[in-house]
Amino acid sequence: MGIQDWSFSRGQPIWKEISMTETFGEYDNDIQPSDEYLVVGFSPSSIPLKQRWRNSGLSADFLADYLTTFFPVDESKPGTVDRQAEVKSAVGYIANELLENAMKFSDDRLSHPISIRLQLHTDRLIFVTTNTIPLEKVSGFQAYIKRLTTEDPQELYIERLEKTATEEHPTTSGLGYLTMINDYHAQLGWKFEHLETEADDGQLQKTVAVTTMVQLVVSS
Amino acid sequence: MMEIKTDDYQVWCDKQEENTVVVNCAGSLRLGGMEEYQPIVQLLNESIEADPETAVLDLTQLEFLNSSGISMLSKFVIRVRHKKSIQMVVKGSKKIPWQGKSLKNLQRLMPSLTLEWE
Chain H
1 MGIQDWSFSR GQPIWKEISM TETFGEYDND IQPSDEYLVV GFSPSSIPLK QRWRNSGLSA
61 DFLADYLTTF FPVDESKPGT VDRQAEVKSA VGYIANELLE NAMKFSDDRL SHPISIRLQL
121 HTDRLIFVTT NTIPLEKVSG FQAYIKRLTT EDPQELYIER LEKTATEEHP TTSGLGYLTM
181 INDYHAQLGW KFEHLETEAD DGQLQKTVAV TTMVQLVVSS
Chain E
221 MMEIKTDDYQ VWCDKQEENT VVVNCAGSLR LGGMEEYQPI VQLLNESIEA DPETAVLDLT
281 QLEFLNSSGI SMLSKFVIRV RHKKSIQMVV KGSKKIPWQG KSLKNLQRLM PSLTLEWE
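First to last, the protein sequences are chains H and E.
Counting along the first sequence from 1, when you hit position 115 you're at 115 in my numbering, and nothing is skipped either side.
If you want my numbering, it's the position in the second sequence, counting the first as 1, plus 220.
Next comes chain H alone, as it looks inside the complex (with noise of 0.2 Å):
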């Protein structure tokens, strides 16, 4: 009850799963939280995409920004200037292409929040985003997914490459998880969840929701 009467306060549909989650690659769904993590939220259905990736990329900016706090230089140490600068342009990056992502995949016509949550363990960063992906769509994704987890990255990258060099209209690059195993050697996981609520008219509505898990090795 204490969470229905939270959830009609603050106008946000209830969403109830409806059927067995499914996750694909390095999604693993025992991490212990850790105590250092920054949440960002977004309500997709309120402002309009062009301002919302100016957001993207200032919530990217700003998360980088915040993490150098836990990458301090030390003057007697010289690596850790190196260091502190390649942790950041590194959060800054795949910050960016998962919210790019979930910007440009969520379902609009639904009051589902887009969030992005960083946080820091001993050896690792983690990368959780999570938004709506329209029903249509997710067979197209997990078969992108089925590819990116099974074939060499390496040379699926150049053939996306080749690929959208002879399109003349490319839509998507399809590129950010790619450069995120390849040049940064992130470890990718999905879940995908069916989720249902009760419209205002009483109609149901469906959906599904993908949280994307992204794990950066750093050294301390």
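Please note: incorrect hints may appear among the correct ones.
As the list claims (entries may be wrong) - Rough simulated footprint, nothing fancy, chain H against chain E, three-plus residues with beta-carbon under 8 Å: (1) 243-254; (2) 324-338.
What the hints assert, rightly or not - Below, a sample of chain E positions facing chain H; criterion: calculated Cβ distance under 10 Å: (3) W232; (4) I290; (5) K295.
It should be emphasised that the hints constitute simulated quantities derived from the structure, not laboratory data.
Ideal placement from N, C-alpha and C gives every residue a C-beta, glycine not left out.
With chain H held as given, fit chain E onto it using these hints.
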């Protein structure tokens, strides 16, 4: 001289010497997908229209590039490769971490491409 300038980024092209064109990208490029990169794609394509001997892509001031931007530059490199007669040089900065990670991929698309670091 061709130029595209906004608060976040600047792309411009100049002819440095006879038969060499230099395209510079500076700032932070994170446009929303390939469609929005179209004006820059056009500038890049026009820079090599006259078949210069050498095309230089100077990225030493490009602090940030999203994956759609990487795709755009890759597409340009493939276009230069198809022309066969143009020598391609990409200038990167060691001070900008993403470049050390991602620019080598351009060389994989065009093995004769020269990567210069400063």
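Taking the hints in turn, this is what the structure says about them:
1. Counting residues of the stretch 243-254 of chain E whose beta carbon lies closer than 8 Å to any beta carbon of chain H gives 5, which meets the minimum of three for the stated coverage.
2. As drawn, the stretch 324-338 of chain E meets chain H at 3 residues by the rule of a beta-carbon pair under 8 Å; at three or more, the given contact holds.
3. Because the closest C-beta pair between E:W232 and chain H is about 22 Å apart, greater than 10 Å, the hint is violated.
4. The interface hint given for E:I290 is met, as the beta carbon of that residue sits about 6 Å from the closest beta carbon of chain H, less than 10 Å.
5. Checking E:K295 against chain H by beta carbon gives a least distance of about 5 Å; that is within 10 Å, so the hint holds.
Checked against the numbered hints listed earlier, the structure breaks hint 3 alone; every other hint is satisfied.
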